[in-house]
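Participant: For the numbering used here, add 264 to where a residue sits in the sequence shown, where the first one is 1.
No lab work stands behind these hints: they were computed from the structure. Keep in mind that this is a model prediction, so the values were computed, not measured. Any given hint could be a false lead.
Claimed, not checked - Simulated restraints, written as ranges between beta carbons of each label pair:
1. A332 - V353: 30 to 36 Å
2. A382 - A344: 18 to 24 Å
3. P336 - A394: 29 to 35 Å
4. G420 - N326: 21 to 27 Å
5. R407 - A334: 20 to 26 Å
6. D429 - A332: 17 to 23 Å
7. G420 - S351: 15 to 21 Å
8. T404 - N377: 27 to 33 Å
9. S400 - P336: 30 to 36 Å
Virtual Cβ for every residue (Gly too), placed ideally from N, Cα, C.
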Amino acid sequence: MLTYLFNFLGLQPTGNGPQKRMFLAGANEVVEGVVVVGDDGNPLVRGSTGHDYTANPPAIPNIGQNFANAGPFANYVLVATVAANPSRVSIDIENMTGAQIAVVRDDGTAANNAAPVAASVFALAGGAAAGQQGGSWSSTTFRGRLQIFAPAALAGSAFVSIMED
265 MLTYLFNFLG
275 LQPTGNGPQK
285 RMFLAGANEV
295 VEGVVVVGDD
305 GNPLVRGSTG
315 HDYTANPPAI
325 PNIGQNFANA
335 GPFANYVLVA
345 TVAANPSRVS
355 IDIENMTGAQ
365 IAVVRDDGTA
375 ANNAAPVAAS
385 VFALAGGAAA
395 GQQGGSWSST
405 TFRGRLQIFA
415 PAALAGSAFV
425 SIMED
């Protein structure tokens, strides 16, 4: 497995001594012996902004508004908002709706009805049926605002668990 991992990452163990160690870790954990660099060749640091290579990105709605009636999240409606919190320790979202939901995250500085700042959107798959575990997302570094959207047909029955410390 380690050989496959090194090959996948394009790394070659070097040196005459013991094998260099490398651990896979979560987003907030240390990866020993690996430096991840951005397009400009500079090392990426935790919390840095990445690049979006989406071919047809969805139009992200203004704060407090629903998605438009076109695109991958057509007619998704806002079902929950978690305000930005600079002292947040962790946040976890679990989708148990039985259908896909969309999560929009932004830095929390934009006012209601304004375009979000530094926003991104991602989907969480639904469970096999309502009440069953679907996709989940968690972070110990994100401090911004989260808006959760569900298909309009499920707006009154969306079952999404949001835990914040």
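Participant: Hint by hint, which ones does the structure fall short of?
Facilitator: Hints 3, 5, 6, 7 and 9 not satisfied by this model.
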